[in-house]
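Just so you know, the sequences run in chain order A and B.
The numbering used here applies: residue 1 is where the first sequence begins, and numbers increase by one.
The numbering used here applies: residue 288 is where the second sequence begins, and numbers increase by one.
Worth flagging that the hints you see were computed from the coordinates, not collected in a lab.
Ideal placement from N, C-alpha and C gives every residue a C-beta, glycine not left out.
You may find that some hints are simply not true.
[What the hints assert, rightly or not] List time: in silico DSBU-like cross-link candidates among lysine-lysine, alpha-carbon distance up to 35 Å:
no., chain 1, residue 1, chain 2, residue 2
1, A, K198, B, K297
2, B, K451, B, K393
3, A, K284, B, K403
4, B, K551, A, K284
5, A, K198, B, K551
6, B, K451, A, K284
7, B, K393, A, K284
[To be verified] To give an idea of the interface, some chain B residues facing chain A are shown, with a C-beta separation under 7 Å as derived from the structure:
no., residue
8, W305
9, I311
10, T318
11, V408
12, L411
13, P413
14, A538
15, W547
[To be verified] Beta-carbon label-pair distances, calculated as ranges:
no., chain 1, residue 1, chain 2, residue 2, range
16, B, A331, A, I273, 49 to 57 Å
17, B, A428, A, R280, 36 to 44 Å
18, A, G193, B, F313, 35 to 43 Å
19, A, L181, B, M479, 27 to 35 Å
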Amino acid sequence: MATKASRSAARLMMAPAVILLLGWMLVPLIMTLWFSFRVYLPLRGGDQGWAGFDNYTRFVTSSAFWPAIQTTLIIVLGVLAITVIFGILIALLLDQPIWGQGVVRILVIAPFFVMPTVSALVWKNMFMDPVNGLFSHLWRLFGAEPVSWLSDASLPSIIMIVSWQWLPFATLILLTAVQSLDSEQLEAAEMDGAPHLKRFWFIVLPHLSRAITIVILIQTIFLLAIFAEIFVTTGGAFGTRTLSYLIFQRVLESQNIGLGSAGGVYAIILANIIAIFLMRIVGKNLD
Amino acid sequence: MARSVTPRRKLINTTAAWAIGLLIFFPILWTILTSFKTEAQAIAAPPIFLGFDWTLENYRVVMERSNYGRFLWNSIIIAGLSTVLGCIIAVPAAWSMAFVPSRRTKDILLWMLSTKMLPAVGVLYPIYLLFIKMGLLDSRAGLVVVLMLINLPIIVWMLYTYFKEIPGEILEAARMDGATLRQELIYVLTPMAIPGIASTLLLNFILAWNEAFWTLNLTAVNAAPLTAFIASYSSPEGLFFAKLSAASTMAIAPILILGWFSQKQLVRGLTFGAVK
Numbered sequence: 001m002a003t004k005a006s007r008s009a010a011r012l013m014m015a016p017a018v019i020l021l022l023g024w025m026l027v028p029l030i031m032t033l034w035f036s037f038r039v040y041l042p043l044r045g046g047d048q049g050w051a052g053f054d055n056y057t058r059f060v061t062s063s064a065f066w067p068a069i070q071t072t073l074i075i076v077l078g079v080l081a082i083t084v085i086f087g088i089l090i091a092l093l094l095d096q097p098i099w100g101q102g103v104v105r106i107l108v109i110a111p112f113f114v115m116p117t118v119s120a121l122v123w124k125n126m127f128m129d130p131v132n133g134l135f136s137h138l139w140r141l142f143g144a145e146p147v148s149w150l151s152d153a154s155l156p157s158i159i160m161i162v163s164w165q166w167l168p169f170a171t172l173i174l175l176t177a178v179q180s181l182d183s184e185q186l187e188a189a190e191m192d193g194a195p196h197l198k199r200f201w202f203i204v205l206p207h208l209s210r211a212i213t214i215v216i217l218i219q220t221i222f223l224l225a226i227f228a229e230i231f232v233t234t235g236g237a238f239g240t241r242t243l244s245y246l247i248f249q250r251v252l253e254s255q256n257i258g259l260g261s262a263g264g265v266y267a268i269i270l271a272n273i274i275a276i277f278l279m280r281i282v283g284k285n286l287d
Numbered sequence: 288m289a290r291s292v293t294p295r296r297k298l299i300n301t302t303a304a305w306a307i308g309l310l311i312f313f314p315i316l317w318t319i320l321t322s323f324k325t326e327a328q329a330i331a332a333p334p335i336f337l338g339f340d341w342t343l344e345n346y347r348v349v350m351e352r353s354n355y356g357r358f359l360w361n362s363i364i365i366a367g368l369s370t371v372l373g374c375i376i377a378v379p380a381a382w383s384m385a386f387v388p389s390r391r392t393k394d395i396l397l398w399m400l401s402t403k404m405l406p407a408v409g410v411l412y413p414i415y416l417l418f419i420k421m422g423l424l425d426s427r428a429g430l431v432v433v434l435m436l437i438n439l440p441i442i443v444w445m446l447y448t449y450f451k452e453i454p455g456e457i458l459e460a461a462r463m464d465g466a467t468l469r470q471e472l473i474y475v476l477t478p479m480a481i482p483g484i485a486s487t488l489l490l491n492f493i494l495a496w497n498e499a500f501w502t503l504n505l506t507a508v509n510a511a512p513l514t515a516f517i518a519s520y521s522s523p524e525g526l527f528f529a530k531l532s533a534a535s536t537m538a539i540a541p542i543l544i545l546g547w548f549s550q551k552q553l554v555r556g557l558t559f560g561a562v563k
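For reference, chain A alone in the conformation it holds in the complex:
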């Protein structure tokens, strides 16, 4: 059905989206690359010429760099572990016949729709506040000393908040995958006397592997970029400065654009490495 005329019409129809995205990608990217090779301090003399690779080496040798990488890894891996493990368990449970399944599903998914600033603030104040937070009441109830969550246990607290936000996403996708599992295969295994754990390990988990991979890849890309949750709760203090947050601080708080841009280039490279894996899976699915 594709004639020459319809082909050129198709190209014309695609043009606005392609051109806009191309501009959106290239213009800031080229600017970031350019700044990353300059000594550029808008508040202290402006653009002061070429820096070579100085910004790149200074960014990775600064004392804040490795702690930031470590923080980023802990948060990303922590949230991934919690959301994937609990996501699988909850998905398997919700797949069982239960009364009021629709309502339970809604309850489980709800946190995904709460804006990040709201969930960060609600957790910070109403649950983790060392004086009036719900956790401190709970701790006192058992005779324990309330914890200053966001200063004394800052990373677990952030992981907790972010996991709460992303658990619905993992659960929903894994549930979709669980529901597509062929029940006859499971029944056959059951008749052959395979115990629960074996059925889960050899039938359910392999079936879910693709969905799990996708959850991990997509969440990693979003988790590397979490911002509001840290901005609102600790502002990067108490060892919660991630790579993204460090770059944000270099760029907007200390206004060292050259240094921040070099950091930005590192972040872009990191995200692209993960994106390549995601693209492969998505691409295979297109054929």
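Once you've looked at the hints, dock chain B against the given chain A.
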């Protein structure tokens, strides 16, 4: 893979599922409940679950003090316009990729998706600078454009997967019956595409509403949407739980309701068709 189970087993599963569901939902429930308490009751020890004097005072105070209406309006305008604009640009693109595919269609789709992976913080300063130079800082127009661009890949992708499901035979049948291109568009394709377009609009409205990097970094007073309004509550620590709750409830209520309608689209929209 749902199978039949004994009633006893069903009861156990139901209890467990409801317990987990309520536990996950609890922070939202607690926020909504607290918004109807007085400030004293909100921090009472032990905490009061339901037996408090319900009051609307917090809502009244928040509305009066903070000009809530303007933030709400900004959120609606920014999320709404960016989504609609995105759709206007994406519909023709997704349409042509679904119905007149070429060898490069797949590459273009994947490339579009890859732009979504660009970490925002990596391009923060260039965008910031461009916004200053163009006088767009703290303007709704600027945010509409940025949010439209960051969501455009998802919009194109979702529409593409929906359009792809419209069978080509129907178009051929319409053509055999002598339908002109215009008639084909109006009477055959549009009715079949509307559900997909509606779902796409819904999910992307939600994503734009909750976006909290660009909305926090590119606004100050005039264009600040609800995300920024809530962030402004982070300074008075642990003092105004009831008012914080009322403000939070107002910020999330509209989207929570919309969100419940978009569960299915969520999977499609966020996994790019890779999980079905």
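ask   = Should the hint that I311(B) touches chain A count as held when the rule is a Cβ pair under 7 Å?
value = 5 Å, holds
key: Cut-off 7 Å, beta-carbon criterion: hint that A538(B) touches chain A   = 6 Å, holds
ask   = Does K198(A) pair with K297(B) here, judged by a C-alpha cut-off of 35 Å?
value = 22 Å, holds
Hint check, W547(B) versus chain A [nearest Cβ-Cβ separation less than 7 Å] = 6 Å, holds
inquiry  = Taking the Cβ atom of G193(A) and the Cβ atom of F313(B), is their distance within the range 35 to 43 Å?
reply    = 41 Å, holds
message = Can you confirm whether the C-alpha distance between K198(A) and K551(B) stays at or below 35 Å?
response = Cα-Cα ~31 Å, so holds.
inquiry  = For the restraint on L411(B), tell me whether the closest CB of chain A is nearer than 7 Å.
reply    = Constraint on L411(B) satisfied, holds at 5 Å.
query = Can the hint on V408(B) be confirmed by a CB-to-CB distance to chain A that is less than 7 Å?
reply = 5 Å, holds
Minimum beta-carbon distance criterion (7 Å), T318(B) to chain A = Check passed: Cβ of T318(B) comes within 5 Å of chain A, closer than 7 Å.
query = Once the shortest beta carbon distance from P413(B) to chain A is found, is it less than 7 Å?
reply = At 4 Å from the nearest chain A Cβ, P413(B) passes the 7 Å test, so the hint holds.
task = Could you say whether the range 49 to 57 Å given as a hint is met by the Cβ separation of A331(B) and I273(A)?
result = 51 Å, holds
message = Given W305(B) as an interface hint, is its Cβ closer than 7 Å to any Cβ of chain A?
response = 6 Å, holds
Of the numbered hints listed earlier, not one is contradicted by the structure.
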